[in-house]
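With the sequences and hints as input, model every part of the structure.
Those letters in the sequence shown? Residues 1 to 529, by the numbering used here.
Simulated from the structure, these hints should not be mistaken for laboratory data. Wrong hints could be hidden among the right ones.
Restricting the straight-line Cα-Cα distance to at most 25 Å, the calculated cross-link-like pairs of lysine to any residue (SDA-like) are [what the hints assert, rightly or not]:
id, residue 1, residue 2
1, Lys138, Asp12
2, Lys25, Pro13
3, Lys480, Arg28
4, Lys331, Ala141
5, Lys102, Asp68
6, Lys138, Leu124
What follows is a set of in silico ranges between Cβ atoms, one per label pair, in the way DEER data are often shown [claimed, not checked]:
id, residue 1, residue 2, range
7, Lys496, Gly91, 47 to 53 Å
8, Asp387, Gln155, 28 to 34 Å
9, Ala210, Pro353, 31 to 37 Å
10, Leu424, Asp489, 43 to 49 Å
11, Leu197, Ala440, 41 to 47 Å
12, Trp338, Ala210, 29 to 35 Å
13, Glu524, Lys496, 32 to 38 Å
14, Thr119, Asp311, 47 to 53 Å
15, Asp275, Arg180, 37 to 43 Å
16, Ser425, Arg390, 45 to 51 Å
17, Thr192, Gln155, 30 to 36 Å
18, Thr148, Arg390, 42 to 48 Å
19, Gly396, Arg59, 40 to 46 Å
20, Asp56, Glu228, 31 to 37 Å
Since the structure is predicted, the reported quantities are computational estimates derived from the model, not experimental observations. Glycine included, C-beta positions come from ideal geometry on N, C-alpha and C.
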Amino acid sequence: MSSRAKPLLDLDPATVRQARALARKAGRPVVKLAQSHTTVSVERATLRLAGLSGADHERVPWVNHLVDAVRAEVGLEHGVTTPVYDALRRGEAPDLLTLAQKAASGSVQFRLPAGRETTRAQALARREVSRGIRTIDKQRANRDRLITRHGDPEQRPWIYLIVATGDIYEDIPQAQNAAREGADIIAVIRSTGQSLLDYVPEGATREGYAGTYATQENFRLMRAALDETSKELGRYIRLTNYASGLCMPEIATLAGLERLDMMLNDSMYGILFRDINPIRTFVDQRFSRQIHARAGIIINTGEDNYLTTADAVEAAHTVTVSQLLNEYFAKEAGLEDWQLGLGHAFEINPELPDSFRMELAHALLARQLFPDAPLKWMPPTKHMTGDVFRGYLLDGFFNLVGAMTGQGILLVGMMTEAVVTPFLSDRDLALQNVRYVLNAAGGLTEDFHPPRDGFIQTRARQVLGDAIDLLTDITQEPGKAPLLEAIADGAFGLMKRPADRGKGLDGVVVRADDYDNPATTMLEEGSNR
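Given below as structure tokens:
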């Protein structure tokens, strides 16, 4: 995914190692916190792997009903699957769906079994959940086979385009046409507010605000349509959606089951910008990233969002810190370098002197710190004014930085950003801009070498130094989890989010010593039985 030419920036390797060591130090207590807790969404995702789907007449998913019923009777401290499969073994219902339906009406009694009854219930749970793990493995193999058959795009960066009308049946032809016009990755943006729903909607959806609901059926429909287009075009078209919010583990699971290729999954986005409880987020994130690792899904992180609330020059180091933390959390969960679509953005005020040179410095710093990661380069949004001619020029400069610095994934900027939802013609013009720049300047990574102690080198070293200072401050925060204290103090994106507040806190549960989750066990073992 990356350019393997010799490094363009004269960074001290010891300084880079120090930055990573500090990120590990900051992140390790959070991982321990995630390992000692579960959430309602983690437990629901486990039941989805076991095959439970569908919803009642009021559109409440059966996984929600079943998890809520178990929690009300025996708690979730021991995991949902032990009492569920104990109930099935005792003949409370003939199958998982019927059990969920009976539980919704209060006609099932759950218990925590003991002795051999526990062992038998857990063995049955593992057998059933393993079916979902094997489906994810099969879908990963299918992707590999289709990439071998159709091929990958010849150029880098891959061209990433957003399509989302609210109606999945309108999204499909738009996505297919975007691929025909040159898009390599189609992102179906979620309907506004879905991240705050503590359930996953069911079925194909035909309405949504500023996006289309993420559902298993919508995933299936779009993946099938893009498979047809991949065959037509002779290159594999990738599909992206969002694994964030209160249902992060479930949406990650559905993405693995339906062969999505990329998922937006940032370590702190939901905390900072959706006020989701930090502990809930980190617990859900670890499970979702274990699923992504198993499914061969590339994650896209959201550091670009920090620069929409904070100044892109003054806060540049917070992007680097977040990238380092995202890398640590991702690798701890099993993701490999090629799956780390670490985000950053072209968001410096264009009125500032040397703004383009600073954008180059920041992009090169990210490229050199993470040489094997498919970095996701995000277009200008904050300083788009509605002047479409100026916007088109800014997007051209953004595309040029992407070409010069060897980014892996380039999100197509729209000249009508901040004016309207893009028309099809806007997307065509935006894709023309990208194609021109990549065709004309795609090889500049070979030619562009900033002077050793020039403006770009000096700026990059300054940002890395500021990142180390912030990480040092974070690791010196009091308490068992200093990163949580730093988030509460507003270290990122100017948002203060205490660990004892936020949406979804009531869905967090401390694990008991005998907690059992067959999905987590198999994901950590690398097994499928």
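Hints versus structure:
no.	hint	result
1	Lys138 to Asp12	43 Å, violated
2	Lys25 to Pro13	18 Å, holds
3	Lys480 to Arg28	10 Å, holds
4	Lys331 to Ala141	21 Å, holds
5	Lys102 to Asp68	13 Å, holds
6	Lys138 to Leu124	22 Å, holds
7	Lys496 to Gly91: 47 to 53 Å	52 Å, holds
8	Asp387 to Gln155: 28 to 34 Å	30 Å, holds
9	Ala210 to Pro353: 31 to 37 Å	35 Å, holds
10	Leu424 to Asp489: 43 to 49 Å	45 Å, holds
11	Leu197 to Ala440: 41 to 47 Å	44 Å, holds
12	Trp338 to Ala210: 29 to 35 Å	31 Å, holds
13	Glu524 to Lys496: 32 to 38 Å	34 Å, holds
14	Thr119 to Asp311: 47 to 53 Å	58 Å, violated
15	Asp275 to Arg180: 37 to 43 Å	40 Å, holds
16	Ser425 to Arg390: 45 to 51 Å	18 Å, violated
17	Thr192 to Gln155: 30 to 36 Å	33 Å, holds
18	Thr148 to Arg390: 42 to 48 Å	44 Å, holds
19	Gly396 to Arg59: 40 to 46 Å	45 Å, holds
20	Asp56 to Glu228: 31 to 37 Å	34 Å, holds
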